[in-house]
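**Q** Can you build the whole structure from these sequences, using the hints too?
Each chain is listed here by its residues.
2 protein chains.
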Amino acid sequence: MSQRIRIALDAMGGDQAPRIVLKGAERALQRFPGVHFLLYGAEDKIEPLLAKLPKLKAAATLRHTDEMVTNETKPSVALRTGRRSSMRLALDAVAAGEADGMVSAGNTGALMAMAKFVLKTLPGIDRPAIASIFPTLRGESVMLDLGANVECDEENLVQFAVMGDAFARCVLGLPQPTIGLLNVGSEEMKGHETLRVAAARLRAPGSPVAFHGFIEGNDIAGGVVDVVVTDGFTGNVALKTAEGTSKLFVEYLRQAFRHSLLARLGYLLAAPALKKMRNRIDPRRYNGAMFLGLNGIAVKSHGGADALGFANAIGVAVDMHVNGFLHQIRDELARLAPAPATAAI
Amino acid sequence: MSQRIRIALDAMGGDQAPRIVLKGAERALQRFPGVHFLLYGAEDKIEPLLAKLPKLKAAATLRHTDEMVTNETKPSVALRTGRRSSMRLALDAVAAGEADGMVSAGNTGALMAMAKFVLKTLPGIDRPAIASIFPTLRGESVMLDLGANVECDEENLVQFAVMGDAFARCVLGLPQPTIGLLNVGSEEMKGHETLRVAAARLRAPGSPVAFHGFIEGNDIAGGVVDVVVTDGFTGNVALKTAEGTSKLFVEYLRQAFRHSLLARLGYLLAAPALKKMRNRIDPRRYNGAMFLGLNGIAVKSHGGADALGFANAIGVAVDMHVNGFLHQIRDELARLAPAPATAAI
Numbered sequence: 003m004s005q006r007i008r009i010a011l012d013a014m015g016g017d018q019a020p021r022i023v024l025k026g027a028e029r030a031l032q033r034f035p036g037v038h039f040l041l042y043g044a045e046d047k048i049e050p051l052l053a054k055l056p057k058l059k060a061a062a063t064l065r066h067t068d069e070m071v072t073n074e075t076k077p078s079v080a081l082r083t084g085r086r087s088s089m090r091l092a093l094d095a096v097a098a099g100e101a102d103g104m105v106s107a108g109n110t111g112a113l114m115a116m117a118k119f120v121l122k123t124l125p126g127i128d129r130p131a132i133a134s135i136f137p138t139l140r141g142e143s144v145m146l147d148l149g150a151n152v153e154c155d156e157e158n159l160v161q162f163a164v165m166g167d168a169f170a171r172c173v174l175g176l177p178q179p180t181i182g183l184l185n186v187g188s189e190e191m192k193g194h195e196t197l198r199v200a201a202a203r204l205r206a207p208g209s210p211v212a213f214h215g216f217i218e219g220n221d222i223a224g225g226v227v228d229v230v231v232t233d234g235f236t237g238n239v240a241l242k243t244a245e246g247t248s249k250l251f252v253e254y255l256r257q258a259f260r261h262s263l264l265a266r267l268g269y270l271l272a273a274p275a276l277k278k279m280r281n282r283i284d285p286r287r288y289n290g291a292m293f294l295g296l297n298g299i300a301v302k303s304h305g306g307a308d309a310l311g312f313a314n315a316i317g318v319a320v321d322m323h324v325n326g327f328l329h330q331i332r333d334e335l336a337r338l339a340p341a342p343a344t345a346a347i
Numbered sequence: 003m004s005q006r007i008r009i010a011l012d013a014m015g016g017d018q019a020p021r022i023v024l025k026g027a028e029r030a031l032q033r034f035p036g037v038h039f040l041l042y043g044a045e046d047k048i049e050p051l052l053a054k055l056p057k058l059k060a061a062a063t064l065r066h067t068d069e070m071v072t073n074e075t076k077p078s079v080a081l082r083t084g085r086r087s088s089m090r091l092a093l094d095a096v097a098a099g100e101a102d103g104m105v106s107a108g109n110t111g112a113l114m115a116m117a118k119f120v121l122k123t124l125p126g127i128d129r130p131a132i133a134s135i136f137p138t139l140r141g142e143s144v145m146l147d148l149g150a151n152v153e154c155d156e157e158n159l160v161q162f163a164v165m166g167d168a169f170a171r172c173v174l175g176l177p178q179p180t181i182g183l184l185n186v187g188s189e190e191m192k193g194h195e196t197l198r199v200a201a202a203r204l205r206a207p208g209s210p211v212a213f214h215g216f217i218e219g220n221d222i223a224g225g226v227v228d229v230v231v232t233d234g235f236t237g238n239v240a241l242k243t244a245e246g247t248s249k250l251f252v253e254y255l256r257q258a259f260r261h262s263l264l265a266r267l268g269y270l271l272a273a274p275a276l277k278k279m280r281n282r283i284d285p286r287r288y289n290g291a292m293f294l295g296l297n298g299i300a301v302k303s304h305g306g307a308d309a310l311g312f313a314n315a316i317g318v319a320v321d322m323h324v325n326g327f328l329h330q331i332r333d334e335l336a337r338l339a340p341a342p343a344t345a346a347i
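As they're listed, the protein sequences go chains B and A. Residues are numbered in this note's numbering as their position in the first sequence, beginning at 1, plus a constant of 2. Residues are numbered in this note's numbering as their position in the second sequence, beginning at 1, plus a constant of 2.
All clues stand as given, with none of them false.
The list treats identical chains as interchangeable, and a pair is accepted whether it falls inside one copy or across any two copies.
Derived lysine-lysine pairs resembling DSSO-like cross-links, with alpha carbons at most 27 Å apart:
no., residue 1, residue 2
1, Lys59, Lys25
2, Lys54, Lys25
3, Lys76, Lys47
4, Lys278, Lys249
5, Lys249, Lys277
6, Lys57, Lys47
7, Lys59, Lys47
8, Lys25, Lys277
These are computed hints drawn from the structure, not numbers from a lab.
**A** Below, the structure written as structure tokens:
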């Protein structure tokens, strides 16, 4: 892979675009000096910022467009009327083979709708899913779907398992990732019928993945499995519940250290160690949700991410490309056994 | 309310029963000296323990039974064959008016099935729900359902809102609790059809509750609403995800303080303040899931709770009784507008 890596950026997506996008890209160059960026967005806003970021300017091509997708745009409207938007053009660059992946901090629903339309789903995948890496007691795991599909059938869940497996192999570097289905109990009888059927498929001989079985909500942060598979509604609630709980904890900790003079002094002494801990759970470190199941690499940054967060989202796109995620997932899909036919009675 | 409060205990339910149940009851007497306990379980196991707990012995009546429901017993089997079990007899005491409420740390599914059968649901309630209090950035909130109903329709969700409202008034002491429906986005268009219909009902004129609207997972710990309403699958995953995240955080914190000599010293100085913080999120403090919607008070303690945790579960039952939860919820149900009839076309 001697060729330069090319990443397309929706320079206009996100709460503080294009500033944060450009600063994030400049920052990503520290880790990936070999990347070339295609920047899509409004010249008059981007040029003055680029003038102050000479390293990025030397490693980027600016492609002007006046149009952009806002956070208020409905996905269907974005799809119909957003053909010249910065988001769409960045996706087009991936589809045309001009870019190896794209990153946007814009409207999630619009990005998913456009990405499906422009990149198409991989053969054997009915619906793409949103995935993200998160910290656990044992290291890092990946969870999907995080909101692309509010309702899922057993076939979707089996496909998500394969997509998550390929991702964990490529990006987390695990030779044999374990897969868990999120449920309300680990017993085989618990939960929806859909979950039981999906589990039976993943457990059957010839299953393409190493299926651990059902897991419960507390097993997510426990790191019981490498890949947590769930529908987009439950995954979205779980991810955001974990975020909310972390915030609560940080706030309680802050209040504890302000509680007395001794506690403040204790904080000063422990500060370097606490900072390391904070880095471990820093949401910016885990910024960058992957759209899996598409014929191309598309990564969604949090709309409110700062430059460090956006740089990490770029890092996810680069990692997926460099580690051959698309080849891996195509191989796995080819191995995926078809749904078992109902036995004739 | 000059009459003595009588609480029936399933002395044989829980990982370390009857020891923890009895120690928990003795502990609860410190906070509620006026309570009298009816203890259901095996005499030969309970008597020797009671001999060492003279205060409890003086405030308790032992009612012997050899039978008990184990964690492995299926709810349907418990219902059919468990008529002489300690769990069932404690519920019977509530139904017969001999006890004002009951607490069990045993098999959740069996307890729910038996409680429904013995206590019956309140008029206007189709299905009872499991509720629990949890800490938030703004204080405390209550969430339901936490697992009694894996699938719920809009009518169930509306009834849960009423049950949660009554609970928040009585036990949290809020004059006008705000109610939120857990969803994947706060916009009106997001999520399942069931959620949109339930929201429309709760928002309509004549709604029995102060409906805030949709909330997301991060709003749970954020304390955005006083009552979080959701189906039992999502609620169970959210609750356990929050528990898992808290554990992860505590472990990271522990590692941080062991990181260096200075950090250890810092810990010593801040220890009293940190202990206060730990108390705020101590899961034992929030032990005691309420079965709401029944014609009687039944509280489920965590099976692995210690004496402090079990005492808190007893406290929940006492609070619900003393604050007239059953009267409150009956009043609210009477006010509940019937489902709007579909307009003739």
